[in-house]
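Protein chains in written order, with our numbering: chain A, 1 to 441; chain B, 442 to 792.
Derived from the structure by calculation, the hints contain no laboratory data. For clarity, every value in this text was computed on a predicted model and none was experimentally measured. Check the hints yourself; a few may be wrong.
Claimed, not checked - Covered stretches of chain A, as calculated for chain B (at least 3 residues, CB under 8 Å):
| # | segment |
| --- | --- |
| 1 | 65-74 |
| 2 | 92-106 |
| 3 | 177-184 |
| 4 | 203-214 |
| 5 | 391-401 |
| 6 | 408-418 |
Stated by the list, open to error - Listed below are the simulated BS3-like cross-link pairs for lysine-lysine, each with C-alpha atoms no more than 30 Å apart in a straight line:
| # | chain 1 | residue 1 | chain 2 | residue 2 |
| --- | --- | --- | --- | --- |
| 7 | B | 752 | A | 429 |
| 8 | B | 784 | A | 421 |
| 9 | B | 752 | A | 436 |
| 10 | B | 752 | A | 254 |
| 11 | A | 440 | B | 752 |
| 12 | A | 48 | A | 104 |
| 13 | A | 132 | A | 111 |
| 14 | A | 81 | A | 115 |
| 15 | B | 752 | A | 81 |
| 16 | B | 784 | B | 727 |
| 17 | A | 191 | A | 153 |
We put the beta carbon where it would ideally sit given N, CA and C, even for glycine.
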Amino acid sequence: MQKTSKALLGLATAFVMSSALPNLAKADELTLCWAAWDPANALVELSKDFTAKTGTQMKFEFVPWTSYADRFLNELNSHGKLCDLIIGDSQWIGGSAENGHYVKLNDFFDKEGIKMDDFVPATVVGYSEWPKNTPNYWALPAMGDVVGWTYRKDWFEKPELQKEFKAKYGRDLAAPKTYDELKQIAEFFQKREIDGKTVYGASIYTERGSEGITMGVTNVLYDWGFQYENPKKPYDMEGFVNSADAVKGLEFYKSLYDCCTPPGSSNVYMVESADAFKSGQVAMQMNFAFTWPGLYKDEKVGGDRIGFFPNPAEKAHFAQLGGQGISVVSYSDKRDAALQYIKWFAQPDVQAKWWELGGFSCLNSVVNAPGFAKSQPYAQAFLDSMAIVKDFWAEPSYASLLQAMQKRVHNYVVAGNGTAKEALDGLVKDWSDVFKDDGKI
Amino acid sequence: MRAILRIAARIGRRAGPPNFPYPKRPGENLTISPSSIVEKAADATARATPVSVARRVRGLSDRAIAWLFIAPAITLLLAINIFPLLWAVYLSFTNYRANRPNAPVQGVGLGNYQRVLNDPDIWQAMQTTAHFVFWTIVLQTVIGFTLAYLIDRKFRGHAFWTTIILIPMMLSPAVVGNFWRFLYEPQIGLFAYAVSMVSGIPTSDIQMLGNVSLAPWAIIIVDTWMWTPYVMLICLAGLRSIPDYIYEAAEVDRASPWRQFWSITVPMALPFIMLAVLFRGIENFKMFDMVTLLTGGGPGSVTEVASITLKRAAFESWATGRASAFAIILFVAVFGLANIYVKALNKVKQR
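Take these sequences, add in the hints, and give me the full structure.
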């Protein structure tokens with residue numbers, strides 16, 4: 001009994017202490033929340049300069065991508081004080097702005113002379129603005145990211161493969177410019193023996209649980225003519241989401257999944273796709289640009305063996321935007337210190353170092369610098385891709401819109417149920433329901 | 442949880458003293474009885490209590506003191522169990538969304554319930570759940586009971602094998618989900634390799650998680666692998682509780698082993714088997730973690746069990762009102778079924 005009461009007392013004390021501790025945290029300590037991935041490690045490195053300059057210690061809360069949205073949206077919705085600064089996903093901006101999770105930065109930018117014109121326009125629209133295309137800023141563009149492709153340069157350069165390819169298709173084996181070319185190359189490599197190993201054509205996104213297959217499918221569908229809504233009438237989706245061109249694009253994505261992916265590719269997102277490439281399974285890989293520095297450094301497939309190319313073009317030329325802006329959480333008690341961090345982060349020399357360390361800066365002076373395109377082997381592909389970006393809905397209801405798309409396209413592409421037309425018709429219906437619930441149509 | 446507690450309490454009440462499956466070992470009574478320490482502590486506390494307080498306490502009836510003692514527990518139960526339940530019932534009649542704190546909350550009557558019950562996706566999820574629950578229970582009961590029956594033969598090393606069999610149950614579902622993903626992986630996975638060795642199908646064609654007809658079975662296999670030991674353990678307790686003299690009497694009556702099995706073993710172990718089925722049923726009805734890690738509900742939605750649908754509605758779409766309605770429907774369903782089942786279980790026990 002005594003033991004029990006002692007243990008209980010101990011537990012209670014621990015509980016009180018643990019709930020009190022965050023409040024005891026020093027004022028000169030900031031917590032930054034982000035996803036657990038390569039760029040986050042680069043940011044830890046970069047932030048040491050900030051600590052050296054200001055004496056403010058930085059704490060980091062990194063969560064894996066698959067639970068990133070769950071974890072932090074929960075935190076924001078419950079008005080949690082865990083994060084002072086957050087690098088939130090681009091689609092959260094609508095909800096976070098409308099519900100007051102983020103501090104509006106316009107006045108701060110004006111006061112500190114931070115100009116949004118200094119940043120790549122697509123990133124400002126994508127990561128900072130809500131409502132879109134209005135000068136209301138909720139974040140500073142922090143990490144530019146976009147879906148692009150990597151390929152095995154060493155395989156592409158093998159003379160015997162080049163010869164065989166040319167004989168078969170009448171052109172050189174090189175990074176594809178159109179989707180037909182991409183598919184031909186993928187088919188060419190599918191189940192081919194290279195260096196005694198069976199290899200496959202391409203790795204593409206098919207993940208079901210969070211946002212994977214949507215990012216992959218939209219990345220391709222934009223090029224085929226898919227549009228989210230009537231450019232002249234907001235939320236009018238019939239004939240745009242499910243246009244004949246969009247249907248063709250979705251059929252193409254499925255044909256690529258069926259013909260040219262490695263076995264067991266039914267649930268692939270960033271990590272799995274990078275793994276397929278790293279383990280030497282695939283000739284081409286669709287993935288966000290943030291994976292490129294790591295892949296380039298890889299001993300087995302990096303260096304001379306890897307090449308990078310932006311999305312191929314079809315009817316149009318777009319690429320799915322990734323990346324995030326950095327925001328100050330309005331529930332934080334250390335708003336001023338957090339703003340100081342953003343001020344520091346926006347400086348051109350810090351941004352230049354950010355790029356050096358493996359982060360993708362969105363600052364014009366960095367990406368337009370004369371030597372930028374040659375500074376890294378993937379810099380050119382990144383620049384070309386960032387010029388053609390398009391993003392998913394950033395509405396406060398983006399998660400419902402995303403869920404509907406995950407379900408509809410996975411059901412068609414991976415499960416093979418129904419037709420592409422049915423999948424996109426269903427999507428129009430689901431999306432219309434969401435907007436009806438929101439009172440937007 | 443409350444339902445389980447109530448059920449367990451009821452079973453405990455009717456069952457009388459538990460049939461402890463293992464004989465008490467000598468030496469178990471050698472430990473110092475804790476009651477003497479407790480008495481000493483109580484004595485010391487009583488002496489230390491100021492007279493005025495002691496007098497006041499003495500004035501209270503036993504009943505009042507009893508209430509005083511259980512008050513903290515009741516308060517906690519109300520705060521973290523009953524209140525959220527009632528709150529969820531309230532929310533299920535509103536359009537509340539947890540991520541729109543500024544939006545006005547309006548009552549929508551039975552609208553949420555209507556919408557949930559008319560949603561074909563939700564019925565699909567319920568069917569998926571039913572398929573999963575049914576087959577996991579069937580497989581786990583059959584295999585679990587068979588294993589328990591074999592282990593109960595008390596061959597040499599049976600304790601060792603019991604421990605080995607129990608290992609999967611001790612792993613976290615998150616670990617199990619992750620490593621079965623690797624086991625199912627067509628290129629490097631052991632599962633595909635083993636099936637390929639037996640059947641001759643090339644491993645690249647054995648896509649357990651990506652195939653619409655195989656994926657529901659893939660999650661059933663994993664759950665069965667993990668939880669059969671649990672069922673086995675409960676069945677083993679049941680088998681050990683059957684007194685030997687009944688079998689001896691049956692021997693005297695010249696009952697065949699077959700007859701003994703069906704007339705003695707099964708009926709006498711039945712309450713235990715039913716209890717195992719109940720626990721597994723409730724557990725698997727709310728299966729979430731393992732399936733999420735294995736398939737994320739895919740391909741398409743063929744493995745999207747009800748709790749995944751519920752989680753997505755509640756914590757991704759933040760349709761809190763609708764999700765509450767769905768949760769209440771699930772709660773009532775499980776609670777109702779479990780109550781009927783416990784009635785049946787008690788009938789069986791009284792036989």
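Practice problem: Tell me, in ascending order, the numbers of any earlier hints that this structure violates. | Solution: Numbers 3 and 8, in rising order.
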